[in-house]
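Undergrad: Could you put the whole structure together from the sequences, leaning on the hints where they help?
Residue 53 in this note's numbering sits at position 53 of the sequence shown; the count goes up by one each step and never skips.
Check the hints yourself; a few may be wrong.
As the list claims (entries may be wrong) - With a straight-line Cα cutoff of 20 Å, these simulated PhoX-like cross-link-like pairs (lysine-lysine) come out: (1) K21 x K72; (2) K64 x K77; (3) K17 x K35; (4) K17 x K28; (5) K11 x K28; (6) K11 x K21; (7) K35 x K55; (8) K21 x K36; (9) K104 x K124; (10) K77 x K104; (11) K67 x K28; (12) K28 x K48; (13) K77 x K67.
Think of the hints as simulated: they come from the structure by calculation, not from any bench.
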Amino acid sequence: MNNERTWKIVKDIEDGKYDHKALEVLYKNAETEMKKRDISEERMQNCKVIQLSAKDGLRTLGNKAYKIRFIKPIREKVEELMHQITIENNWMRFENNHVKNGVKIGGDMIRGDVVAQYYISYRKLGWKRSIYLSATQESENESSGVYYRIAFPDLDEEVRTFNKDEAVQLFKDYVEQ
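TA: This is how it looks when you write it as structure tokens:
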């Protein structure tokens, strides 16, 4: 595929000439082509350009196919991280927890402020607010990474860290007070 053909496809995508099915096919074909061993560097770059354009086209259409292909895997990864933390620390069922046990969907994700957010919370009798530990990925961009947030009930502050072990230890220390 030459550059001229690639840019025509990109222009057609930007002009809305492809529906979601055609964009899915373009994305898949580019993905398949890039997996070939004997692909030239120029062809590889053309495939990447088409793939990114098809992804943007799917996002623009705002359909279910986009969410299934690109958003769902991110959400599953973040949710699995929180489940892994709760299982490793035996936090699926807190004793004397005065809020719902288990991994829950975060408000930032519900509002659409972030791509994925899942959390666990704990509140002792007498506490006005809960402590929570969340795992969040703000964007689809893998470089944004997952960060952990711990909000303390008696402080109007929260701690953010990319270090899972640090986040777990802060949460654990506070709960065990």
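Undergrad: With reference to the structure, classify each hint as holding or not holding.
TA: These are the hints, each one checked on the structure:
1. K21 x K72: The hint holds at about 18 Å.
2. K64 x K77: Judged against 20 Å, a Cα distance of about 19 Å means the pair holds.
3. K17 x K35: 27 Å, violated
4. K17 x K28: 18 Å, holds
5. K11 x K28: With a Cα-Cα distance of about 19 Å, the restraint between K11 and K28 holds, given a limit of 20 Å.
6. K11 x K21: 17 Å, holds
7. K35 x K55: 18 Å, holds
8. K21 x K36: With a Cα-Cα distance of about 23 Å, the restraint between K21 and K36 is violated, given a limit of 20 Å.
9. K104 x K124: With a Cα-Cα distance of about 18 Å, the restraint between K104 and K124 holds, given a limit of 20 Å.
10. K77 x K104: 14 Å, holds
11. K67 x K28: At roughly 15 Å apart (the allowed maximum being 20 Å), K28 and K67 satisfy the hint.
12. K28 x K48: 11 Å, holds
13. K77 x K67: Given pair K77, K67 holds - Cα atoms ~14 Å apart, limit 20 Å.
Figure legend: structure checked against the earlier numbered hints; hints not met, in rising order: 3 and 8.
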